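Input sequences plus hints: build the corresponding full structure.
Number of protein chains: 4
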Amino acid sequence: MPVPSPNLYPDFNIVRLSHVEFVVTDLAASRTFYADLLGLQVTHEDEDEIFLRALEERGHHCMILRKGERAEANVLGFKVYSEEDLDRAQTWFARRELPTSWVERPFQGRTLRTRDVFGVPLEFYYKMDRLQPIHQQYRLYHGVKPLRIDHFNCFSPNVDASVAFYNEMGFRVTEYTEDEDSRMLWAAWMHRKGGVHDMAFTNGRGPRLHHTAFWVPTPLNVIDLLDLMSTTGYLANIERGPGRHGISNAFFLYIRDPDGHRIEIYCSDYQTVDPDHEPIRWDLKDPQRQTLWGAPAPRSWFEEGTAFAGAGAVESILKAQPIVAP
Amino acid sequence: MPVPSPNLYPDFNIVRLSHVEFVVTDLAASRTFYADLLGLQVTHEDEDEIFLRALEERGHHCMILRKGERAEANVLGFKVYSEEDLDRAQTWFARRELPTSWVERPFQGRTLRTRDVFGVPLEFYYKMDRLQPIHQQYRLYHGVKPLRIDHFNCFSPNVDASVAFYNEMGFRVTEYTEDEDSRMLWAAWMHRKGGVHDMAFTNGRGPRLHHTAFWVPTPLNVIDLLDLMSTTGYLANIERGPGRHGISNAFFLYIRDPDGHRIEIYCSDYQTVDPDHEPIRWDLKDPQRQTLWGAPAPRSWFEEGTAFAGAGAVESILKAQPIVAP
Amino acid sequence: MPVPSPNLYPDFNIVRLSHVEFVVTDLAASRTFYADLLGLQVTHEDEDEIFLRALEERGHHCMILRKGERAEANVLGFKVYSEEDLDRAQTWFARRELPTSWVERPFQGRTLRTRDVFGVPLEFYYKMDRLQPIHQQYRLYHGVKPLRIDHFNCFSPNVDASVAFYNEMGFRVTEYTEDEDSRMLWAAWMHRKGGVHDMAFTNGRGPRLHHTAFWVPTPLNVIDLLDLMSTTGYLANIERGPGRHGISNAFFLYIRDPDGHRIEIYCSDYQTVDPDHEPIRWDLKDPQRQTLWGAPAPRSWFEEGTAFAGAGAVESILKAQPIVAP
Amino acid sequence: MPVPSPNLYPDFNIVRLSHVEFVVTDLAASRTFYADLLGLQVTHEDEDEIFLRALEERGHHCMILRKGERAEANVLGFKVYSEEDLDRAQTWFARRELPTSWVERPFQGRTLRTRDVFGVPLEFYYKMDRLQPIHQQYRLYHGVKPLRIDHFNCFSPNVDASVAFYNEMGFRVTEYTEDEDSRMLWAAWMHRKGGVHDMAFTNGRGPRLHHTAFWVPTPLNVIDLLDLMSTTGYLANIERGPGRHGISNAFFLYIRDPDGHRIEIYCSDYQTVDPDHEPIRWDLKDPQRQTLWGAPAPRSWFEEGTAFAGAGAVESILKAQPIVAP
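So the sequence lines, in the order shown, correspond to chains E, A, P and H.
So that you can map any letter, position 170 of the first sequence is 174 in our numbering, and since no number is skipped, the others follow by simple counting.
So that you can map any letter, position 178 of the second sequence is 182 in our numbering, and since no number is skipped, the others follow by simple counting.
So that you can map any letter, position 177 of the third sequence is 181 in our numbering, and since no number is skipped, the others follow by simple counting.
So that you can map any letter, position 97 of the fourth sequence is 101 in our numbering, and since no number is skipped, the others follow by simple counting.
Don't take every hint at face value.
It does not matter which identical chain is used: a pair holds within one copy or between any two.
Said to hold, decoys possible - No farther apart than 25 Å at their CA atoms in a straight line, the calculated lysine to any residue pairs in the SDA-like style are these:
1) 131 x 281
2) 71 x 114
3) 197 x 121
4) 131 x 46
5) 289 x 243
6) 197 x 314
7) 289 x 143
8) 289 x 238
9) 289 x 307
10) 197 x 138
11) 131 x 283
12) 131 x 174
13) 131 x 117
14) 197 x 86
15) 131 x 12
16) 131 x 13
17) 289 x 232
18) 131 x 6
19) 289 x 322
20) 131 x 282
21) 197 x 13
In short, the hints are calculated from the structure, not lab data.
This structure is a prediction, so every number in the text was calculated from the model and none was measured.
Have a look at this one:
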């Protein structure tokens with residue numbers, strides 16, 4: 005089953021991934037982690053929720069932390085190109101008999117809430133409160149100096165099906181892993197905004213959120229964060245890295261927040277705006293696709309993820325999961 | 005005269021800037037400069053011309069060096085989204101009574117040659133030969149490790165008119181400099197591909213090409229190039245920098261090739277894909293817009309540029325050009 | 005007059021430069037500059053004085069800020085190898101009919117106060133309070149992340165005489181600038197601790213302190229400081245750089261504190277511990293010795309300096325001071 | 005058994021570590037590894053041997069590769085302060101009934117060959133051919149841009165005995181690992197040249213050479229090398245890292261040459277010239293001393309090393325070697 009041809013004229017125009025809402029069990033601990041340690045900027049907070057943005061973002065929030073009993077991801081948010089795209093999106097999801105509703109969301113305009121084919125909770129909006137630029141207020145930079153939210157990565161029980169669904173929405177595959185007979189996709193990276201990905205899927209029990217990534221300027225920012233975390237009580241929150249992925253060529257670090265939500269710190273990326281940009285194929289047996297430099301990932305990285313609110317996860321359709329090289 | 009509202013639904017879809025063709029007087033000297041010193045990769049060469057690409061590019065060329073008597077810029081190239089966009093572009097330019105023709109170009113498909121409102125020679129294509137990825141062949145990286153062509157910057161005798169013209173084509177303003185009464189634009193940065201710019205205009209005798217920029221990973225690559233140039237006979241080719249622009253927040257270095265064509269080495273950029281991304285206004289009197297850190301630019305940087313083939317440059321409509329802070 | 009042969013068995017053993025005491029006119033403003041902006045750590049403060057150390061230092065202070073009416077440098081401090089070296093130093097200076105006295109200094113043991121041949125106030129000690137290491141307390145790192153004091157640079161009215169004097173004390177020349185006939189030294193860099201310099205001399209009205217340097221890990225720390233200073237009200241305090249010196253190969257930035265005391269931020273250095281390490285000669289006419297990359301220094305950098313307490317400065321014996329390339 | 009007090013007035017003056025001689029089984033393969041891949045400079049070569057230096061070194065060689073049947077380390081070389089120190093060294097070793105002889109060595113003056121208390125082959129010299137500086141010939145920089153040899157690390161069957169021996173020679177301990185009762189040293193880092201170490205000892209079957217380290221400017225050079233090695237056929241030669249040691253605070257990478265000789269690429273270091281510089285104690289049970297960021301080292305790193313020519317290795321006197329945290 006080959007990678008589908010890109011849908012260059014989708015029914016509605018998604019600009020980019022926008023934000024994630026996490027349920028966290030200790031709001032204060034999460035605030036310390038994201039604002040004080042990582043360096044995200046708080047744009048609004050009250051007793052129950054905290055909104056954050058990264059340093060070059062003008063939109064009001066790229067992350068919402070909401071106090072709750074059970075750690076999970078409430079929704080993945082995406083920005084569309086116009087109000088009309090919202091209506092077209094509603095039609096598109098409804099036609100696929102997926103649940104759609106218009107919800108009130110603070111700091112956002114009209115918002116469409118829906119789910120993807122496996123139940124991942126999604127929301128789309130066109131308007132979000134715009135804030136003054138702060139990317140040249142260098143006194144605000146600290147921690148890992150996060151510049152922007154970069155992408156989501158989800159476990160999918162059927163990557164071929166997930167890719168087909170998002171491909172129809174206009175997401176284009178940039179890199180992918182197949183088994184050697186090119187029968188099934190093991191993983192795929194898909195973009196809207198012109199980089200390696202806005203959304204990626206990895207084979208596994210799902211749907212679950214594998215990680216949310218933030219883009220930083222250079223590998224030295226990642227090293228600074230490692231030094232900081234390892235000497236301020238966050239050693240156990242370092243899960244994997246630093247290293248370079250073969251796939252995407254990213255210099256990466258994976259960390260876990262106080263509830264276990266996984267965050268990737270990411271730098272290096274490449275431009276993929278050409279409509280005829282050819283996806284790169286990786287063989288499932290090539291260990292360098294995971295880690296160009298050869299160091300193995302811990303088992304937790306392959307197995308653990310964040311549940312999505314209201315979505316029960318099911319086992320992957322792919323039986324034998326080779327832990328050594330997924 | 006304010007910045008025009010962005011044209012979010014242009015008549016034809018330009019994906020990004022693509023390439024420049026320079027006339028150079030000593031092909032061997034230019035090859036040494038761009039391939040050996042800067043680190044661009046030669047993809048084709050014969051006695052009269054050399055084609056080069058940067059390290060993450062898949063298209064066949066981002067620069068063509070053509071042997072000739074007089075150093076000038078033959079054309080600025082742009083990639084469109086589809087073959088149909090080429091035809092729509094032809095209609096659009098013809099309607100404005102600008103010259104259009106279909107030209108044969110090696111390694112490119114059907115190519116539309118035209119000129120902008122001030123005579124800047126432009127070409128548009130959809131198809132270019134695609135090459136294998138080399139961004140993970142790290143043995144090829146040397147010099148400044150150029151990853152991709154990033155933008156053009158042109159002198160315009162009337163920046164308001166240039167901006168209005170490119171705005172109609174769908175280029176969106178990200179930052180601009182106005183005089184204090186907001187009557188006239190002094191300079192503007194406009195993008196298609198989601199970064200700060202594909203094309204910028206600066207007030208001055210024009211049209212002339214001010215510079216062509218290449219994107220590199222970190223400021224350390226710029227420092228490496230400075231060390232290399234200053235100890236291998238290229239000291240006089242260093243014109244300005246390193247420094248950080250207020251506008252665009254770029255960490256920059258300006259160098260001159262053996263014929264004086266100006267190249268910017270550029271890192272740091274920010275994402276501008278949101279359709280409601282607000283342009284940043286800079287006052288003409290704010291010296292930090294040019295250099296955030298305060299060091300002045302040399303006079304040559306304000307005055308010198310590359311002539312465009314077949315386009316006579318005229319003086320700016322703005323009389324008093326304050327060299328100290330243009 | 006050639007560079008003198010190194011005195012490999014000096015009468016007393018100086019380990020390294022140690023600290024400087026500045027008189028500052030606004031203690032709060034200076035605290036903000038050195039502690040909040042640059043990132044030095046306050047180790048003691050009261051109404052009249054502040055003691056600071058850099059991040060990898062174990063000694064109690066590398067800088068003392070003392071409130072006073074007139075900005076000047078009270079003393080340059082050096083650490084010797086043993087208590088006995090203090091007595092030998094006293095003998096050495098007394099024999100040269102230079103003033104010596106034993107002074108009480110907080111946080112230091114027995115301290116010898118004296119002056120060099122041109123009146124530069126010096127102090128020598130063996131014991132200073134030792135503090136716990138903090139170089140792995142990464143939460144303390146901010147600003148430019150200064151790791152240690154690196155060197156002093158002084159204007160001397162007669163560099164040959166200064167070099168001869170410090171050479172007798174065991175300082176060894178690593179690099180120097182001569183006029184073309186090798187008759188006179190224009191500048192010289194001298195070390196005790198095994199790097200390019202603990203002490204340097206530049207021709208000019210003197211004695212005056214040209215600058216005090218701090219060592220930082222990478223050029224990116226310098227860039228971070230430039231971004232920070234230029235957006236927090238310290239733009240006018242940036243005097244020169246970033247750049248690379250030909251001499252010493254240092255990546256440098258020169259800034260001025262609120263009283264005009266000049267600080268160099270310095271990275272890159274090389275090891276000079278070999279007793280037969282050959283000094284590098286630079287010709288006065290070689291412009292790259294000042295700035296490898298070719299950008300000129302501002303006039304203030306050549307002319308301005310900090311007066312030493314109790315030492316009147318006299319004009320240089322070298323008449324024609326070529327501002328363009330000293 | 006505590007760390008011995010430093011011997012501040014040793015019988016002879018060792019300046020620094022200087023060079024290592026490796027027996028390699030395939031001279032061409034080793035040349036490719038050290039010169040082409042790592043970036044050391046060849047200063048002499050013939051059919052049987054290759055001499056190399058790093059980029060800021062003036063001495064003729066820091067490494068000698070000698071063709072032979074069996075990979076081993078022939079000798080560790082040290083530079084002394086004067087010819088007289090050589091004679092004093094001969095007396096010192098002879099008094100301890102260790103073998104001494106004067107040997108002819110190319111490019112070196114009079115050379116004393118001897119062995120340490122466990123049979124590690126050592127040589128001392130004062131004079132070595134001095135070469136022109138190349139640290140500002142930036143066209144020569146490639147690979148990992150090695151600036152200088154930094155230190156040796158040896159397995160010792162009795163670290164307390166090794167430390168006592170080198171302490172008498174004037175090496176000073178900067179950091180060390182003890183068991184929790186402070187009865188025995190597990191490892192120790194000792195310097196002469198004013199950094200964290202010229203020589204280190206780790207508990208294990210010995211004497212064997214654990215690694216030879218080279219100093220590079222920034223962590224980005226290490227990342228560049230990882231990218232290069234992993235895409236040019238040297239993936240299997242990457243053994244451990246990148247990471248930061250708790251001990252020494254080094255940012256490190258360990259690689260193996262074609263014969264298995266281990267090389268550390270090392271950056272970050274701190275100044276230790278103060279005679280009263282206090283050593284830092286690490287507890288054997290603290291896992292962060294090995295890796296500040298928590299990633300484990302592979303078993304090979306704990307177990308494998310290079311045999312010394314003519315020195316049979318014996319088991320450590322410490323029985324239970326906790327592989328998880330040595």
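Here's how the hints hold up against the structure:
In this assembly of identical chains, the alpha carbons of residue 131 and residue 281 lie at most 25 Å apart only when taken from different copies (11 Å versus 30 Å within one copy). Proximity of residue 71 and residue 114 under a CA criterion of 25 Å is satisfied intra-copy only: 24 Å inside one chain copy versus 57 Å between copies. Taking the shortest Cα distances, residue 197 and residue 121 sit within 25 Å of each other inside one copy (22 Å), while across copies they are farther apart (30 Å). For a Cα distance limit of 25 Å, the shortest separation of residue 131 from residue 46 inside one copy, 20 Å, qualifies, whereas the shortest one across copies, 45 Å, does not.
Taking the closest pair of Cα atoms, residue 289 and residue 243 come within 25 Å of each other both inside a single copy (23 Å) and across two copies (21 Å). Proximity of residue 197 and residue 314 under a CA criterion of 25 Å is satisfied in neither setting, with 28 Å inside one chain copy and 37 Å between copies. Only between protomers do residue 289 and residue 143 lie at most 25 Å apart by alpha-carbon distance; the minimum there is 24 Å, versus 46 Å within a single protomer. For a Cα distance limit of 25 Å, the shortest separation of residue 289 from residue 238 across copies, 18 Å, qualifies, whereas the shortest one inside one copy, 34 Å, does not.
When the C-alpha separation of residue 289 and residue 307 is checked against a cutoff of 25 Å, the pair qualifies only within one copy, where the shortest distance is 19 Å, while the shortest distance between copies is 29 Å. Taking identical chains as interchangeable, the C-alpha atoms of residue 197 and residue 138 lie at most 25 Å apart whether they share a chain (22 Å) or sit on different chains (22 Å). Taking CA atoms no more than 25 Å apart as the test, residue 131 paired with residue 283 passes between copies only; the shortest distance there is 17 Å, against 32 Å inside one copy. With identical chains, the CA atoms of residue 131 and residue 174 are at most 25 Å apart both within one copy (20 Å) and between copies (21 Å).
Taking the closest pair of Cα atoms, residue 131 and residue 117 come within 25 Å of each other only inside a single copy of the chain (14 Å); across copies the shortest separation is 39 Å, beyond that limit. When the C-alpha separation of residue 197 and residue 86 is checked against a cutoff of 25 Å, the pair qualifies both within a copy, at 15 Å, and between copies, at 18 Å. Within a single copy, residue 131 and residue 12 get their C-alpha atoms as close as 24 Å, and across copies as close as 15 Å, so both meet the 25 Å cut-off. In this assembly of identical chains, residue 131 and residue 13 lie within 25 Å of each other by CA distance both inside one copy and across copies; the values are 22 Å within and 18 Å between.
Taking the shortest Cα distances, residue 289 and residue 232 sit within 25 Å of each other only across copies (21 Å), while inside one copy they are farther apart (36 Å). In this assembly of identical chains, residue 131 and residue 6 lie within 25 Å of each other by CA distance solely across copies; the values are 23 Å between and 36 Å within a copy. In this assembly of identical chains, residue 289 and residue 322 lie within 25 Å of each other by CA distance solely inside one copy; the values are 15 Å within and 42 Å between copies. Taking CA atoms no more than 25 Å apart as the test, residue 131 paired with residue 282 passes between copies only; the shortest distance there is 13 Å, against 32 Å inside one copy.
Within a single copy, residue 197 and residue 13 get their C-alpha atoms as close as 15 Å, and across copies as close as 17 Å, so both meet the 25 Å cut-off.
Hint 6 alone, counting from the list given before, is not met by this structure.
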